[in-house]
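Visitor: Here's the letter readout for the chains.
Number of protein chains: 2
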Amino acid sequence: MPQQHRAHATRRAILTAAAEEFDRAGYSATPLSAILRRSGVTKGAFYFHFPSKEALATALIGAQEAVWPELRERWAGRGCDPLQTLIGFVGDVVERIATDAVVRAGVRLSCEGGAIDAGLPSPYPLWERALHEMLDGAAGAGLLREGVQPASAARVLNAALVGARVVSCALNRCADVVERTRELWPVLLQGVAAEEWLHDWEDAAVR
Amino acid sequence: MPQQHRAHATRRAILTAAAEEFDRAGYSATPLSAILRRSGVTKGAFYFHFPSKEALATALIGAQEAVWPELRERWAGRGCDPLQTLIGFVGDVVERIATDAVVRAGVRLSCEGGAIDAGLPSPYPLWERALHEMLDGAAGAGLLREGVQPASAARVLNAALVGARVVSCALNRCADVVERTRELWPVLLQGVAAEEWLHDWEDAAVR
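Respectively, the protein sequence lines represent chains A and B. The letter at position 20 of the first sequence is residue 20 when you use the UniProt record's numbering, and the numbering goes up by one with no holes. The letter at position 76 of the second sequence is residue 76 when you use the UniProt record's numbering, and the numbering goes up by one with no holes.
One chain only, chain A, in its complex shape (with noise of 0.2 angstroms):
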């Protein structure tokens, strides 16, 4: 294997490692020589290219903050309602978080502000704001309910997709997450969306 092609598969093995660690015990219960175990990897290969467990925590909250913009990306060239796209990503968002350790831990670390000590940014309002301009497509195209605003939908979309991350992290690891965010359209469209959207929507799922 040419050196780069190693380096970079010891890089992996050391973040899979370190999400599942992390997925079992929480950041702060796993101490790095359970990392190092998991990964098979060296302490000098892991200080290499890791200085800390904390540059490995900052390390997954940017692979996973990589994934987003390319599902979006995918969803928005594929000519679908501006309501119907905020929902196909989501549901690929949550698929990712439930099959990805490395993506699931990146997320619940970026999420747990108390968790690492790096100063980063709380995700939240990024999400707020993607939502908030999926939403402003929706009410340009004339998909919403009347009367509602887009920028407290999208906190209430948010919210309820923040809530069911977590409830479902803390029950099960997120195994169920999917399962968890596909209840909520039901309940959420219905105080979101047009009627007559809503009816084509219910439609589509029957048929």
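Worth double-checking, as some hints may not be accurate.
All copies of an identical chain are treated as equivalent in the list; a pair is satisfied when it fits inside any one copy or across any two copies.
[As the list claims (entries may be wrong)] Result set (SDA-like, lysine to any residue): computed pairs, CA atoms no more than 25 angstroms apart in a straight line:
| no. | residue 1 | residue 2 |
| --- | --- | --- |
| 1 | 53 | 196 |
| 2 | 43 | 2 |
| 3 | 43 | 5 |
| 4 | 43 | 20 |
| 5 | 53 | 26 |
| 6 | 53 | 133 |
| 7 | 43 | 25 |
| 8 | 43 | 62 |
| 9 | 53 | 24 |
| 10 | 43 | 77 |
| 11 | 43 | 59 |
| 12 | 43 | 30 |
| 13 | 53 | 151 |
| 14 | 53 | 111 |
| 15 | 43 | 23 |
| 16 | 53 | 32 |
| 17 | 43 | 63 |
| 18 | 53 | 31 |
| 19 | 43 | 197 |
| 20 | 53 | 124 |
Don't read these hints as lab results, they were simulated from the structure.
For this one, chain A is given, so just place chain B on it according to the hints.
Guide: Structure of chain B alone, referenced to chain A:
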């Protein structure tokens, strides 16, 4: 001050100081010395009340657990319909979280699985069950929208309420949790409540 009262006051001072420090820096990052300094209590007096920082966390969790049945009973005795009771009870819960640092710290600790290793169960199934019971009452009184399943609606409401608290606590130590929770209802109730009930509720809000 009689000895028993003094012991109670000391215990309360320690819990309040711990709650404030955990609020500021998180459980893991808070050393016992910071709690002692803030409470003005000697090490000896501290250990008379609590054997460890973990015992302190368990006491804070117990303190918030004791609050909810009392609030729920108060609302049950008011003769409101089941949905009004649910909304009123939740309003009192978040009001308490916003204004009482001891309760706020206890809720946060009970939710953050990784924070303490005391093997305490997650509170989410309990909250879902409480909401489920109230929604069963609403279903029995014919107040739910056609097709709404109380168990599913309870999970959705719980997710939204948990998320509003988590986001608010991360962004401003729960200062706006009352507003963020209030903002959920118009969206959530549209998906959960029967149309007739909604009309009455919206009329009452306008008045």
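Visitor: Each hint needs a verdict: does it hold in this structure or not?
Guide: Consistency of the hints with the structure:
Proximity of residue 53 and residue 196 under a CA criterion of 25 angstroms is satisfied in neither setting, with 52 angstroms inside one chain copy and 56 angstroms between copies. Taking identical chains as interchangeable, the C-alpha atoms of residue 43 and residue 2 lie at most 25 angstroms apart only when both belong to the same chain, with a minimum of 21 angstroms there against 58 angstroms between chains. Proximity of residue 43 and residue 5 under a CA criterion of 25 angstroms is satisfied intra-copy only: 19 angstroms inside one chain copy versus 55 angstroms between copies. In this assembly of identical chains, the alpha carbons of residue 43 and residue 20 lie at most 25 angstroms apart only when taken from the same copy (18 angstroms versus 38 angstroms across copies).
For the identical chains of this complex, residue 53 and residue 26 are neighbours both inside a copy (13 angstroms) and across copies (18 angstroms), given an alpha-carbon limit of 25 angstroms. In this assembly of identical chains, residue 53 and residue 133 lie within 25 angstroms of each other by CA distance neither inside one copy nor across copies; the values are 35 angstroms within and 44 angstroms between. Taking the shortest alpha-carbon separations for residue 43 and residue 25, only the intra-copy value of 21 angstroms comes in at or below 25 angstroms, while the best inter-copy value is 30 angstroms. In this homomeric assembly, residue 43 and residue 62 come within 25 angstroms of each other (Cα to Cα) only inside a single copy, at 23 angstroms, whereas the closest approach across copies is 42 angstroms.
When the C-alpha separation of residue 53 and residue 24 is checked against a cutoff of 25 angstroms, the pair qualifies both within a copy, at 16 angstroms, and between copies, at 22 angstroms. Taking identical chains as interchangeable, the C-alpha atoms of residue 43 and residue 77 are never at most 25 angstroms apart, the minima being 44 angstroms within one chain and 63 angstroms between chains. Within a single copy, residue 43 and residue 59 get their C-alpha atoms as close as 18 angstroms, which meets the 25 angstroms cut-off; across copies the closest is 39 angstroms, which misses it. With identical chains, the CA atoms of residue 43 and residue 30 are at most 25 angstroms apart within one copy only, with a shortest distance of 16 angstroms there and 29 angstroms across copies.
Taking the shortest Cα distances, residue 53 and residue 151 never come within 25 angstroms of each other, neither inside one copy (37 angstroms) nor across copies (41 angstroms). Proximity of residue 53 and residue 111 under a CA criterion of 25 angstroms is satisfied in both settings, with 17 angstroms inside one chain copy and 24 angstroms between copies. Proximity of residue 43 and residue 23 under a CA criterion of 25 angstroms is satisfied intra-copy only: 22 angstroms inside one chain copy versus 35 angstroms between copies. Taking CA atoms no more than 25 angstroms apart as the test, residue 53 paired with residue 32 passes in both settings, with 7 angstroms inside one copy and 23 angstroms between copies.
In this assembly of identical chains, residue 43 and residue 63 lie within 25 angstroms of each other by CA distance solely inside one copy; the values are 22 angstroms within and 44 angstroms between copies. In this homomeric assembly, residue 53 and residue 31 come within 25 angstroms of each other (Cα to Cα) both inside a single copy, at 9 angstroms, and across copies, at 20 angstroms. Taking identical chains as interchangeable, the C-alpha atoms of residue 43 and residue 197 are never at most 25 angstroms apart, the minima being 57 angstroms within one chain and 64 angstroms between chains. With identical chains, the CA atoms of residue 53 and residue 124 are at most 25 angstroms apart within one copy only, with a shortest distance of 24 angstroms there and 30 angstroms across copies.
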